[in-house]
Structures are given as structure tokens and as C-alpha cells.
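I would like the entire structure built from these sequences, with the hints used as guidance.
These are the residues of each chain, in order.
4 protein chains.
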Amino acid sequence: MTPSSPPDLAQRIASLPSPPERAFASDNAAGAHPAVIDAIVAANTGHALAYGADPWTAEFEDRCADLFGRPVGAYLVWNGTGANVMALASALGPADCVVCTEWSHIAVDEAGAPERILGAKLLPLPSADAKLVPEQLEALAHLQGVEHHAQPAVVSLTQCTELGTVYSADEIAALCATAHRMGMVVHLDGARLANACAALGGTRQALRSFTVDAGVDLISFGGTKNGLLGGEAVIVLNPALGRRAKFIRKMVNQLPSKMRFVAAQFNALLEGDVWLANAAHANAMATALYDGVAGLDGVRVGAPPAANSVFPCLPDWAIAPLREWCFFWDWDHAIHQVRWMTAWDTTSDDVSAFLAGVRHLVC
Amino acid sequence: MTPSSPPDLAQRIASLPSPPERAFASDNAAGAHPAVIDAIVAANTGHALAYGADPWTAEFEDRCADLFGRPVGAYLVWNGTGANVMALASALGPADCVVCTEWSHIAVDEAGAPERILGAKLLPLPSADAKLVPEQLEALAHLQGVEHHAQPAVVSLTQCTELGTVYSADEIAALCATAHRMGMVVHLDGARLANACAALGGTRQALRSFTVDAGVDLISFGGTKNGLLGGEAVIVLNPALGRRAKFIRKMVNQLPSKMRFVAAQFNALLEGDVWLANAAHANAMATALYDGVAGLDGVRVGAPPAANSVFPCLPDWAIAPLREWCFFWDWDHAIHQVRWMTAWDTTSDDVSAFLAGVRHLVC
Amino acid sequence: MTPSSPPDLAQRIASLPSPPERAFASDNAAGAHPAVIDAIVAANTGHALAYGADPWTAEFEDRCADLFGRPVGAYLVWNGTGANVMALASALGPADCVVCTEWSHIAVDEAGAPERILGAKLLPLPSADAKLVPEQLEALAHLQGVEHHAQPAVVSLTQCTELGTVYSADEIAALCATAHRMGMVVHLDGARLANACAALGGTRQALRSFTVDAGVDLISFGGTKNGLLGGEAVIVLNPALGRRAKFIRKMVNQLPSKMRFVAAQFNALLEGDVWLANAAHANAMATALYDGVAGLDGVRVGAPPAANSVFPCLPDWAIAPLREWCFFWDWDHAIHQVRWMTAWDTTSDDVSAFLAGVRHLVC
Amino acid sequence: MTPSSPPDLAQRIASLPSPPERAFASDNAAGAHPAVIDAIVAANTGHALAYGADPWTAEFEDRCADLFGRPVGAYLVWNGTGANVMALASALGPADCVVCTEWSHIAVDEAGAPERILGAKLLPLPSADAKLVPEQLEALAHLQGVEHHAQPAVVSLTQCTELGTVYSADEIAALCATAHRMGMVVHLDGARLANACAALGGTRQALRSFTVDAGVDLISFGGTKNGLLGGEAVIVLNPALGRRAKFIRKMVNQLPSKMRFVAAQFNALLEGDVWLANAAHANAMATALYDGVAGLDGVRVGAPPAANSVFPCLPDWAIAPLREWCFFWDWDHAIHQVRWMTAWDTTSDDVSAFLAGVRHLVC
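Protein chains in written order, with this note's numbering: chain W, 4 to 366; chain X, 4 to 366; chain P, 4 to 366; chain V, 4 to 366.
Please note: incorrect hints may appear among the correct ones.
[To be verified] Covered stretches of chain P, as calculated for chain X (at least 3 residues, CB under 8 angstroms):
| hint | stretch |
| --- | --- |
| 1 | 146 to 159 |
| 2 | 242 to 253 |
[What the hints assert, rightly or not] Restraint ranges, calculated between C-beta atoms of paired labels, are given here:
| hint | chain 1 | residue 1 | chain 2 | residue 2 | range |
| --- | --- | --- | --- | --- | --- |
| 3 | W | 206 | P | 337 | 40 to 46 angstroms |
| 4 | X | 326 | V | 129 | 29 to 35 angstroms |
| 5 | P | 144 | W | 299 | 30 to 36 angstroms |
| 6 | V | 12 | X | 216 | 46 to 52 angstroms |
| 7 | X | 216 | W | 72 | 58 to 64 angstroms |
| 8 | V | 323 | P | 65 | 26 to 32 angstroms |
| 9 | W | 327 | X | 72 | 36 to 42 angstroms |
| 10 | X | 72 | W | 147 | 56 to 62 angstroms |
If you're looking for bench data, these hints aren't it; they were derived computationally from the structure.
Every residue gets a Cβ at the ideal spot worked out from N, C-alpha and C, and that includes glycine.
Listed below in C-alpha cells is the structure:
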């Protein structure tokens with residue numbers, strides 16, 4: 004039963020304090036990091052050959068090799084859906100399919116781009132926490148070799164997941180081992196890879212532990228949600244999958260012509276590991292948000308956030324006025340669950356102001 | 004017979020003057036216009052909802068309605084291939100095909116993206132000047148209604164063309180009339196729409212004359228080559244083709260999340276018609292380049308450039324050293340033809356310096 | 004806990020009676036009905052224009068109009084996967100998706116053909132009995148109009164289902180009403196449409212009650228499992244979906260050139276409603292099979308079969324020897340469930356002989 | 004200038020002799036060879052597992068190994084478009100394209116099925132005789148390795164061609180050598196492979212000379228036009244291309260369920276090389292047809308037919324009445340060219356009767 008709204012609701016709404024300067028809609032509502040803007044300005048100097056034949060892109064490729072501790076294929080692209088489609092296209096043959104969770108961005112939030120562009124089936128498996136376990140892969144063995152079934156060929160994990168959970172390095176290593184033993188490869192949808200890395204130690208060593216050291220084959224390396232104005236990358240760790248990468252990038256609409264401007268943005272965040280600082284900060288803000296509501300009457304929250312999102316259940320009557328005051332998205336309407344997401348530029352003041360409003364309205 | 008190289012070639016090369024600051028490789032080798040950079044900096048202020056629910060995008064949509072003199076669908080996308088694929092997907096049904104020329108970017112330079120993402124055939128027709136004529140469409144009538152043939156459904160014209168030629172408004176109107184009479188719609192690949200507009204009068208009225216007034220249904224409206232750091236738009240003039248546009252944009256990997264930064268760039272060029280000034284300048288620089296070589300011994304050029312490219316034939320021995328001195332691309336190796344392309348930022352000094360080098364080397 | 008095998012298992016196996024002449028593997032293990040063979044022989048007379056411009060195809064089209072009680076589009080194709088893909092392609096726009104159950108043949112048993120050829124997502128919903136209910140469609144409303152999600156456009160029902168259950172006419176009418184209200188159309192995968200019709204009354208009126216009268220838009224009308232040597236049809240009940248059908252058939256590899264031989268087969272089964280007699284017989288044989296094992300110790304069966312398949316759970320130790328004696332397929336290995344399927348040519352003797360073997364081995 | 008019709012045309016038409024029993028529309032207007040019908044009847048005996056797990060299919064596979072003189076992949080499919088798409092899908096990676104002629108069936112007559120199902124570009128090259136030469140492949144070298152261009156990966160030759168011409172074994176060997184050297188593989192669209200084989204000697208040794216010995220990688224082996232009621236096969240000569248074949252067959256809608264009936268038909272034609280006799284006879288009938296019109300006033304024919312089609316140019320006024328009397332298809336309307344095609348069942352009487360009518364009308 005839904006608790007009824009308080010008799011003084013109208014008054015509570017009218018007397019809400021000033022909302023925070025930045026809302027909690029999404030990390031892609033944030034702008035660009037100042038270093039990114041500076042890098043764009045600096046890169047706007049004279050002519051540079053298009054499509055990556057420029058020094059900024061070469062620098063980006065070097066920085067990626069450095070980041071992962073070995074030579075990798077590093078391909079700049081426009082956006083997350085594009086990165087995912089490009090990575091998956093590099094690993095799929097005809098009649099293959101992609102194993103993912105029912106929450107995965109590729110299955111739910113990409114308007115069928117994967118099926119359309121890959122011409123391949125996605126096989127979304129159920130998961131309470133948006134993570135897969137090796138047993139789920141093993142249970143697909145009966146599909147293998149049977150001509151009536153699309154053949155599982157790629158396991159696509161999201162790190163951190165669409166539910167804000169984070170795979171440990173060991174969990175990913177176990178999934179990679181199972182996938183490889185079964186003849187599959189592993190793709191990491193890392194639209195928020197930085198937040199996962201921050202959650203797992205916040206160092207380059209941590210990044211390697213759950214990617215290259217764990218056996219991951221391909222990564223969609225997110226930049227936009229971490230402070231770029233726009234740009235992602237596909238990282239090919241398994242060289243066998245990189246031979247057609249440059250052609251595939253063009254084929255999936257993802258080859259930036261003035262590539263120096265995408266490269267320069269990424270370089271700005273990789274320099275001095277601003278990307279990790281950005282992510283660690285966003286994660287910390289989510290923890291602060293969580294801590295501020297965890298004890299409140301009428302608000303239900305689950306486990307503390309692993310990364311930069313909180314998924315509280317609020318009193319039904321509180322959601323609309325709270326959103327009108329400071330925007331956020333619904334998550335699961337049936338249980339009055341919403342999503343609050345922090346970004347690289349969320350401030351402690353934003354969190355405090357928001358929590359003040361929540362308490363004012365709900366308690 | 005190819006003329007042999009002059010005996011003093013080595014000396015000529017060694018004594019080449021200083022090359023121009025900017026080469027003539029392509030208009031996508033240019034950087035971004037200062038107003039574009041300023042607009043990005045100005046747009047980087049706090050949070051804004053993603054995917055176009057922001058004031059900059061709303062402004063862009065208003066500006067497009069204003070530009071075309073009536074309500075239009077205006078969809079920001081990442082790049083030219085993406086714009087073309089999105090536009091064509093809006094107009095194609097199953098078993099349809101796209102009529103274009105053998106020179107068309109969609110057929111030659113997009114790595115099969117159209118066929119892959121559209122699942123449709125391209126039907127490239129021969130053309131000496133990269134332009135189609137109505138008779139070529141009429142000659143396709145025998146395909147219509149026959150189940151063995153992909154059905155011509157969209158005519159894709161490039162304006163200005165890949166050979167630097169420009170359709171007149173009347174020519175496009177005639178093609179639209181024929182296409183419509185045959186049940187087809189017309190798409191304009193306008194990666195260099197601004198240069199075409201500049202060539203045809205350089206006013207908004209001119210733009211309308213060869214687009215909305217001529218009966219064009221869909222446009223890929225180029226921004227990158229005109230001075231953006233990255234961004235194009237799909238303009239839907241025929242409302243019947245716009246109903247699925249927003250879904251299609253997402254499906255073809257072309258929905259920018261922090262869309263304000265694409266919108267702000269475009270707005271900067273549309274404000275005060277900087278886009279037309281940029282294009283007119285680039286065109287003028289190509290004319291200057293043409294005029295400077297038209298009379299030279301050993302250099303063959305065709306008709307004066309309609310837009311911003313020159314396709315001269317040079318002595319075979321001159322191409323490599325000239326390119327090493329100041330970069331440009333080959334066009335047709337068999338006839339020693341190269342392409343020189345000007346950009347919004349090409350200066351008269353660039354042209355003079357380049358011509359000086361050409362004369363020094365060739366004459 | 005699995006019951007252990009009986010001490011005299013080896014002896015039981017050795018003394019199994021003669022197996023039935025026909026096994027229970029599938030209805031596509033059966034041959035062709037004699038009337039079908041006769042029709043092929045009769046149609047093999049001189050020349051006839053290819054691709055359906057022949058009298059046998061015209062007759063088939065007339066027979067379909069007669070069968071459904073009004074003009075319909077009737078398109079002969081090769082096989083079930085092809086019929087499904089053709090039907091769905093007729094109803095899908097870009098970024099659309101197909102709603103089905105997790106058991107559906109299109110989602111599970113077609114090797115990704117729908118995703119590949121349609122370039123569209125399938126949205127498989129959970130279902131205990133392989134049937135959908137209107138509430139499941141209504142729950143998809145939140146996807147509609149949101150550009151990040153593939154848009155539900157077609158509901159594909161299987162009749163009878165992959166689990167051998169049958170929708171009532173009212174159930175299908177309710178699903179059609181909901182689907183149409185939400186802007187979707189309804190496809191019936193009727194690889195075993197005849198068995199469903201037999202289960203629902205076994206008359207042409209029954210067929211109309213759950214198809215044309217219920218609001219179904221498109222049907223894959225199965226012939227192969229009903230006694231053809233090979234051939235299916237796509238029936239377009241909603242004329243708006245038929246305009247591109249002939250082009251689509253060719254585009255999905257499904258246009259038979261010597262079409263008279265497919266038409267003649269179908270005509271033979273439609274004449275005198277042999278198709279319904281075949282299906283009623285197959286259904287009756289499944290009921291006999293069910294009745295014969297329903298009371299047996301160690302055999303668990305669910306509800307009586309609605310159509311022509313039985314899904315019993317057997318003692319684990321019995322499955323392999325029983326299969327070796329008379330072939331059938333596993334269904335759910337985890338619960339020792341198998342599938343026994345009858346066909347138009349299964350005889351009472353086949354059933355008796357099989358039941359004798361089951362009793363001999365298991366009891 | 005077109006010659007005007009004779010003053011007595013009406014009278015000539017009225018007094019035309021009896022038309023031949025069989026017209027010259029196409030070899031797919033013919034019925035099935037009696038041995039094929041007999042084989043179907045014989046195969047219709049009891050149950051057999053579906054999808055090729057039956058003795059007839061095993062026999063077909065053995066017969067193919069025997070035919071080509073070594074182990075091959077032999078995959079039965081429904082029709083020619085399906086065979087071509089399946090074969091090409093086995094050899095294409097993402098961003099690859101298929102090189103063919105402008106006359107090729109895959110480019111002209113398959114309603115875009117290749118582009119749709121393969122998601123790949125076709126690159127049709129000009130050709131006067133519908134044959135490619137190695138120099139045309141070599142001229143594509145500039146596309147290789149450049150990310151903007153779809154990558155030539157498969158050369159698809161039609162044997163015999165759509166214009167009735169036939170590649171010699173040496174010509175195919177030279178094309179294979181060039182293709183392989185450039186990293187491409189070679190596909191033979193052999194919808195009329197038998198007619199080509201008959202033209203090149205009419206023995207199994209001849210077949211091998213222009214296929215397996217010449218270096219061909221994949222064949223679409225036509226059956227329907229050679230006397231089956233319906234059925235083709237994909238022959239994989241290059242084992243590296245066969246690993247995914249069975250999955251691809253299902254994915255492209257081409258897996259027959261009651262496969263024994265397709266296998267039995269093929270086996271009937273392969274037994275005693277009926278397939279070669281059928282083809283040799285059809286070719287001989289085309290030669291007779293050619294010889295009968297070669298000298299006629301008002302009829303222009305080119306070189307004698309290599310296989311089973313003649314492409315004469317007739318007086319414009321003669322075409323419609325002649326077609327009404329005995330059907331055939333137009334070929335090139337602009338030059339009043341038509342196509343007369345013979346089949347396995349064309350008789351000398353058919354040819355004589357037809358020639359009598361032509362002479363009566365035209366001379």
C-alpha cells in the first residue's frame with residue numbers, strides 16, 4: 004500500500020529551499036571539463052590531415068598503450084552506441100549472437116542499433132544486479148554447434164553496470180576464462196569505465212586488473228560521461244580482433260573527420276589522470292547522496308553505491324514535486340524507484356542542497 | 004606521352020620557396036571557425052539535459068525553420084556518412100534502392116555503410132560531371148513494379164558534387180519533378196551545401212531555390228567542412244518522411260548525448276550567415292588558384308571551379324615533389340590529375356605562396 | 004532425487020518389442036501426403052511461366068480467398084523461417100521491434116535470421132505456456148515514443164505454440180485489440196496452423212474465428228508439417244501490409260521459380276480440406292499417446308495435449324534406451340523432459356507399439 | 004531507322020502455323036525431369052529425420068565428393084538467390100564488397116537480397132560479354148587498405164553468364180589466380196553450371212577443369228533450371244570457407260526441413276550424369292535455333308550460342324505478334340533484342356515449329 008501524501012504537501016512544496024545548481028539527471032547532462040575545452044582551443048591551430056593522420060591522434064594512441072601497459076588498438080569514435088556496435092562488429096561472424104544482461108544498454112537503450120547494424124541477435128539473460136556469472140555462460144553450451152540457434156560468440160559486460168554495480172577484477176577474469184574456454188570473446192561496455200576503475204582502486208593498475216589482465220578482448224572506453232563534450236574510443240586488446248577495425252569504424256558511421264578534436268579532448272583527461280579524479284569525485288558525491296538519504300523515513304535505498312548512481316524508492320506523492328524542483332529520471336515506476344546520478348562536476352553544495360530539499364519534502 | 008622531367012629538377016626542388024601555411028588537402032583539414040570555438044566555450048555552462056532537450060538545440064531548430072522559410076525537421080548528427088544514412092533510412096522501404104552517380108560519396112567513400120545499415124542497394128549511374136539528369140531517372144522505369152529488381156525509391160544528389168560541379172536550381176527542380184512523378188523522393192547530400200549555395204548566389208533565397216523550392220525532400224546539411232569542429236544535420240523538408248526520424252537517428256549511431264555542443268557550433272555559423280561567408284571565401288580562393296594555373300605551361304585544367312576545388316593535370320614528374328612541399332591528394336592517377344581544395348580559412352597568401360611554388364617547379 | 008535405474012534394465016532393453024514403424028521425432032520427419040505427390044505428378048506437364056504466372060498459383064490464390072472468406076494476399080514461399088521473415092518484413096519500419104515469447108521459433112530456432120534479414124530487434128517476453136496476454140503488451144507502453152528504445156510494432160504469436168498449446172479465438176482477438184489500440188499489428192506464426200484449427204473445431208469457420216475475424220494482420224501458413232514435401236505461404240489479411248509483399252518475398256530469398264509445384268501441393272491439401280483431416284488425425288494421435296502414458300508410474304505429464312505434441316518427464320535412465328529404440332528429441336534436459344510429436348501419417352499401430360515399449364521399459 | 008511493317012502483316016499473323024508445344028521463355032518454365040519425379044515418389048517412404056539427417060542427403064554429399072574428385076562441403080538449399088547469398092555470406096567480413104559484372108544476377112535480378120542479407124556492397128563492373136578479366140580485378144587494388152572504401156573480398160563470376168557466354172577453364176583459372184594474389188576468393192554463380200559444363204566438354208573432367216582445378220572457392224550449383232522441380236546447392240571447395248556454412252544456411256532462410264526430397268531430386272540427375280545430358284541437349288537446341296535464324300533477312304544475331312540462349316534482334320513490328328504466338332521475353336528494348344531460351348525438354352519439333360513461325364512472319 005502506498006502511503007498517502009501528507010496534509011501539508013502543498014505548503015511543503017511552496018517552501019522548498021533553493022534547488023542545487025546542478026541536478027542529478029545524468030552524467031551526460033554535465034558539461035565539459037575545463038581542460039577539455041582548453042585542449043580544443045589549443046588544437047584549433049592551422050590545418051591537420053583528417054581521419055586521424057594528425058599528431059593529436061598519434062598521441063592518443065600512445066597514451067592508450069601506456070594506460071593499458073602494452074600495445075593496443077585505439078580507435079576514436081563519436082558516441083557510446085557507436086563504440087559498442089563497432090566493437091561487437093569486430094568480433095561477430097554470420098549467425099553469431101551477443102550474450103548480455105536484460106539491463107544492458109545495447110539491448111535496451113540503443114533503439115535496435117546493434118541488431119540493425121550488426122545483423123545479429125542479442126541474447127539478454129536475466130540478472131538481479133545487471134551482472135553475469137560464469138554459470139550463465141555455461142548454460143548456453145547446448146546452443147553451440149546446433150544450426151537452428153544463433154551461436155554465442157561475444158559476451159558483452161557493462162562495467163560499471165546500468166544498475167550502478169561494479170564487477171570485481173576476479174569476477175571479470177572468471178567470466179573471461181569461461182567465455183574463452185567456450186570459444187567466445189569478451190567485450191566491456193565501459194561508458195562509465197572510469198567510474199568502475201575509481202571504484203576498484205582508482206589507479207591504472209586497477210584498470211588493468213579488470214581489463215587486460217582479466218582477459219577482456221575489447222572495450223568501449225567512455226569519455227563523454229567523464230567530462231568530454233563528445234567522444235569515446237574502442238580499445239582492442241585482442242589483436243586478432245583488430246585487423247578489420249578501421250574499416251568497421253567507417254562502416255558504422257563512426258569515423259570523425261577532424262579527429263584531432265576528439266583526440267585532444269581525450270588526451271586532456273588522460274594527462275595527469277584527470278579521468279580518474281573526475282570519476283572518483285562523481286562516485287564520492289553519489290556516496291554522499293546515499294548517506295544523506297539512507298536513514299530517512301519513507302525513503303528506501305539498497306546497498307551503498309559502488310559508483311555514481313543511487314536508485315532510491317520514494318513515496319509516490321513526493322516524486323513529481325521533487326523532480327519539478329530538481330530534475331531526475333524515473334527508474335521503475337511500479338515500485339516508485341528513481342535514479343539520481345552524479346557527475347564529474349557535482350559539488351558537495353549540490354548534494355547538500357538536494358538533500359535539504361528531500362528532507363524538507365519527504366520527512 | 005608523358006613529358007620527361009626537366010634536367011634541373013633537383014635544383015628546382017631544392018630552391019622551392021616557403022610553402023603556404025595551409026595546404027590544399029581538403030576542407031576537412033581546416034580547423035574550427037573562431038565563432039564556433041567561442042560558442043562551445045559559452046555553451047559549457049552548468050548542466051543541460053542530454054539528447055537535445057536543451058535551449059541550444061531548440062535554437063538550432065528555430066534557426067533552420069528560419070533558414071528554409073518554413074517548419075522543417077532538423078536533426079543534429081555527428082558526421083556526413085551518418086547524416087546520409089539517416090536521411091536515406093527515412094525514405095527507404097524493404098527492397099528499395101537508392102539512385103546516385105558513380106562518383107557519389109555514398110557509393111564510393113562510405114565503406115559500404117549505406118548497404119550495411121540500410122540493407123539496401125545503391126544504383127550508381129555513370130556521369131561525366133557527377134550530376135544526374137532527368138532522362139537517367141526515366142530510363143529506370145523498366146525496373147519499377149518488377150519483383151526481381153530492387154525498386155528505385157530515392158534519388159540522392161550531391162550538391163556541390165564530388166567533382167566540384169554545382170546543380171542549378173532548375174536542374175534540381177527538374178530532377179525532383181521527374182523523381183516525384185515516378186514515385187521517388189530526392190535526397191541532397193550537402194556535405195558542401197554551403198559552397199553550392201555560395202556558388203548560386205550566396206543568399207538564403209538561393210538556398211531555398213535549389214532545396215525547398217525545387218522540391219527536395221531531405222538534406223544532409225554539412226557543417227564540418229564549413230568550419231565546425233564536428234557536426235552535421237539532417238533536414239527533413241517532406242514531413243511525411245520525418246515521422247520516424249528521431250528513432251532512426253538513434254538506430255544509426257548518430258544521436259549526440261551532449262547535443263548542446265553540436266547545436267551551439269551550428270548556431271554560431273548560422274548567426275549572421277557566417278556559413279555563407281565561409282563558403283564564399285573558400286570558393287573565391289579556389290577561383291584564385293584556378294586563375295593562377297590556368298595559363299601555365301604543362302598544367303591542364305578544365306572549366307573554372309564552381310565551388311572550392313580544382314582538379315588540374317600536372318606533369319607526372321612534378322606531382323610527388325610538389326606534394327612533398329605542400330600536401331594534396333591524387334585524383335586520377337592515370338591522367339596525372341590531382342585535387343586542390345580550399346577551405347574557409349585558406350588565405351590569399353596561401354594561394355599566392357602555392358602558386359609561386361607551382362610556377363617555380365613546373366614552368 | 005532421480006530414481007535409480009531398475010536392476011533388470013539391460014534385460015528390459017534387450018527384450019523391447021518391435022518399435023513402431025514411424026517414430027515421434029517431429030511432424031517434419033513425415034513424408035508427403037499421397038495427394039500431394041499426385042498433384043506434383045499432374046503439374047509436371049509441359050511449360051509454365053515461372054514465379055507464379057501459372058494456373059496452379061492462380062488457383063491457390065483463389066482457394067485462399069475462399070478459405071478466409073474474403074480477398075487476401077497469398078504468397079507461396081519455401082519454408083517457415085522464410086515465411087516468418089517475409090511476413091515480419093512487411094510490417095516493420097526502421098527502429099521497430101517484434102514482440103514475441105521467449106519460446107518463439109523466431110527468437111530461438113531461426114539462427115538469427117530475423118535479426119539479420121529484418122535488421123530488427125526481437126523482444127521475447129517470458130511465458131509459462133508460450134502464449135502472450137494483453138497485459139504484457141500494455142506493459143510495453145513505456146517504450147513507445149522514446150527514441151532510445153526500439154519501437155514495438157509487430158506482435159508475433161505462434162499458433163499452435165512451440166509448447167503445443169493453442170490460443171482460443173477470444174484470446175487472439177483480445178491480443179489483436181490491444182495491439183491495434185497501441186499501434187501495433189499482429190502476425191501469426193502458423194507453422195502448425197492446421198493443428199490449431201483442428202483443436203479449435205476443425206472447420207474453416209474455426210480458422211476464420213481466430214485469424215481474420217480476430218483481427219490478425221499477417222499469417223505464416225504452414226504446409227510442410229501438414230503433409231507437403233515443402234512449401235509454406237504468407238497470408239496478408241491487412242491489405243495495407245501487402246503493397247510491398249512481392250518485392251519482399253524476392254528480397255528474402257523466398258520466391259520459388261517453378262512455383263506451380265508449390266502451388267499444386269497446397270491445392271491438393273486444400274481440396275476437400277485434407278489439411279484439416281491431416282491435422283485432426285495428428286492431434287488425435289497425440290491424445291492417444293498422452294492417454295497411454297498419463298497413468299504410468301514414473302512418467303509425469305501435464306495437461307492433455309491441445310494439438311500434436313506431448314512433453315512428458317521420464318525417468319532419467321529410461322530416456323537414452325527408449326530413444327535408441329524409437330527416436331524422439333529432448334526438450335528440457337534439467338527435468339528429464341522430452342518431446343513426442345505426432346504427424347499426419349502417425350498410425351494407431353505406431354502409438355500402440357510405442358506405448359508398449361514405454362510400458363515395457365519404464366514400469 | 005526501323006523498317007516499317009509489311010503491308011500484309013495482319014494476314015501473316017492470321018496464317019501463322021501452330022505454335023510449338025513448348026515456348027522459349029526460360030529454362031525455369033520447363034517442368035521436372037521424369038527421373039526427378041520418380042525419385043521424389045521413391046523417397047516418400049515413411050519417416051526420415053529433418054534438416055539433412057537422412058540417407059538421401061548423405062548420398063548427395065557423397066555424390067558431390069565424387070563429382071568434384073575430392074571432399075567438398077555440399078549444402079542443399081531452396082533457390083538460386085538463396086544459394087548465392089549463402090555462398091557470399093560464407094566469404095564476406097564486415098566492410099567487404101563483392102566484385103561482379105553489371106549483368107550479374109546478384110546485382111540485377113535479386114531485388115537487393117544480397118545487400119539486405121549480406122549487409123554488403125556489390126561492385127558491378129562494366130562488361131560487354133558479361134565476363135570479367137583479371138585486369139579489372141587488378142584495377143581495384145587502389146581500394147584495398149583504404150578505410151573509406153568497401154574492401155573487395157569476393158569475385159563472383161556467373162558460369163554460364165547472363166548473356167549466355169561461357170568462361171573457359173583458363174579464363175577462370177587466371178581470374179582465380181589474380182583474385183587469390185590480391186587476397187580475394189572466387190564464387191561461381193552456377194545457376195546454369197550444367198550448361199557451361201556441357202559447353203566445355205560435357206564431362207566431369209570438364210567440370211573440374213573450370214571449378215576445383217581452376218581454383219574456384221565456392222559454387223552455387225544450379226538444379227532447378229536443369230530439371231529439378233526446385234533445388235540448388237552450395238558447394239564449398241575451399242574448406243576455410245565452410246566452417247560456418249551450416250549456420251549461415253539456416254540464417255539465410257535456406258535450410259529445407261524435409262531435405263530428403265531435395266536430395267533425392269539432385270541424386271536422380273547426378274546418377275548417370277543425366278544433368279549433363281539435359282544440359283547438352285538444351286545447348287544443342289539453342290544452336291539449332293540460332294542456325295535456323297542466322298541467315299534470315301531482318302534478323303540480326305551475334306556469335307553462335309555457347310550455351311542455351313539466343314539473343315536476336317528482330318524487326319520491331321514482329322516482336323509483339325511473335326510473342327503472342329509463342330512467348331519469350333524482351334532483352335534490350337532499345338535495339339529490339341529479345342531472348343530465346345531452350346530447356347532440357349525442348350524438342351527438335353519445338354525448334355522447327357518456332358522457326359517456321361519466325362520465317363512465316365518475318366521473311
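Now for the hints, and whether the structure bears them out:
1. 146 to 159: holds (count 4)
2. 242 to 253: holds (count 6)
3. W:206 to P:337: 40 to 46 angstroms: Holds, since residue 206 of chain W and residue 337 of chain P (Cβ atoms, about 43 angstroms apart) stay within the stated range.
4. X:326 to V:129: 29 to 35 angstroms: holds, 31 angstroms
5. P:144 to W:299: 30 to 36 angstroms: Holds - the Cβ-Cβ distance for residue 144 of chain P and residue 299 of chain W, about 32 angstroms, lies within 30 to 36 angstroms.
6. V:12 to X:216: 46 to 52 angstroms: Holds, since residue 12 of chain V and residue 216 of chain X (Cβ atoms, about 51 angstroms apart) stay within the stated range.
7. X:216 to W:72: 58 to 64 angstroms: holds, 60 angstroms
8. V:323 to P:65: 26 to 32 angstroms: For residue 323 of chain V and residue 65 of chain P the Cβ distance comes to about 29 angstroms; the hint holds.
9. W:327 to X:72: 36 to 42 angstroms: Holds, since residue 327 of chain W and residue 72 of chain X (Cβ atoms, about 37 angstroms apart) stay within the stated range.
10. X:72 to W:147: 56 to 62 angstroms: Taking Cβ atoms as reference, residue 72 of chain X and residue 147 of chain W lie about 59 angstroms apart, which means the hint holds.
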